[in-house]
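The whole structure should be built from the sequences, with the hints applied where relevant.
Quick note: the sequence shown uses numbering that gives the first Met the number 0, first residue 0, plus one each step.
Worth flagging that the hints you see were computed from the coordinates, not collected in a lab.
Just so you know, these numbers come straight off a predicted model, no measurement behind them.
There could be a bad hint or two in this list.
[Unchecked claim] Below 30 Å or equal to it, Euclidean Cα-Cα: the simulated DSS-like pairs (lysine-lysine) are:
no. : residue 1 : residue 2
1   : K144      : K126
2   : K123      : K69
3   : K21       : K159
4   : K144      : K111
5   : K51       : K69
6   : K126      : K69
7   : K21       : K69
8   : K51       : K126
9   : K123      : K153
10  : K153      : K70
11  : K49       : K144
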Amino acid sequence: MSNTIFQDQLWLMDEALIEADKAYRIDEVPIGAVVVDSRGVVLSRSHNIKEKNHNPCGHAEILAITEAAKKLNNWRLINCSLYVTLEPCPMCLSAMIQARIGTLYFGAYDPKGGSLSLNYNFYKDQKLNHSFPVIGGLRHFECSKLLSNFFREKRTNYNKS
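Right, here's the structure in full:
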């Protein structure tokens, strides 16, 4: 992988971190996502709004995929990449398969709810009509720290009440 390509991937994860920070500031779990086309042009950005909208599907990945599909006027995001700050849950990974995402990049691993950490690697299943490469650990420290800080504050505030 060339240094320029790697720098672009880090920049795009930084963009996802900006979205995650927006979620943090509105008291949502700080997860951000960005979808880009094959040239690296940002098609959509989103962050979690599950609590705000009282919607269990209000995950950053789902919202970013939906917005990118609207922008392209096509639900197939074949040549697009998705950058997300946390390893996707099974629901979000399924949405990526359905959207035909080209490549998934994520930041922090999620040992309690992430599809890969839970060995739900169905994105590789040959019986499905689509698979894609997954690259994890981009900006792992920064993504993990934001999540840790959020949940530490939640526990502190809970213990005060």
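Status of the hints after comparison with the structure:
1. Between the alpha carbons of K144 and K126 the distance comes to roughly 37 Å, so the proposed pair goes past 30 Å and is violated.
2. Restraint check: the Cα-Cα separation between K123 and K69 comes to about 26 Å, which is no more than 30 Å; the hinted pair holds.
3. A hinted pair counts as satisfied when its Cα atoms are at most 30 Å apart, and K21 with K159 qualifies at roughly 25 Å.
4. Using a Cα cut-off of 30 Å, the hinted pair K144 and K111 holds, with the two alpha carbons roughly 16 Å apart.
5. The straight-line distance between the Cα atoms of K51 and K69 is roughly 22 Å, inside the 30 Å bound, and the hint therefore holds.
6. Under the criterion of a C-alpha separation no larger than 30 Å, the hint pairing K126 with K69 is consistent with the structure, at around 28 Å.
7. Proximity of K21 to K69 is assessed by CA-CA distance (about 22 Å); at most 30 Å being required, the pair is judged to hold.
8. Distance hint between K51 and K126 is unfulfilled; the C-alpha atoms sit about 37 Å from each other, more than 30 Å.
9. Only pairs whose Cα atoms come within 30 Å are accepted, and K123 paired with K153 is rejected, the gap being roughly 36 Å.
10. As the CA atoms of K153 and K70 are separated by approximately 36 Å, the hinted pair breaks the 30 Å bound.
11. Between the alpha carbons of K49 and K144 the distance comes to roughly 21 Å, so the proposed pair stays at or under 30 Å and holds.
Violated hints for the displayed structure, listed by number in ascending order: 1, 8, 9 and 10.
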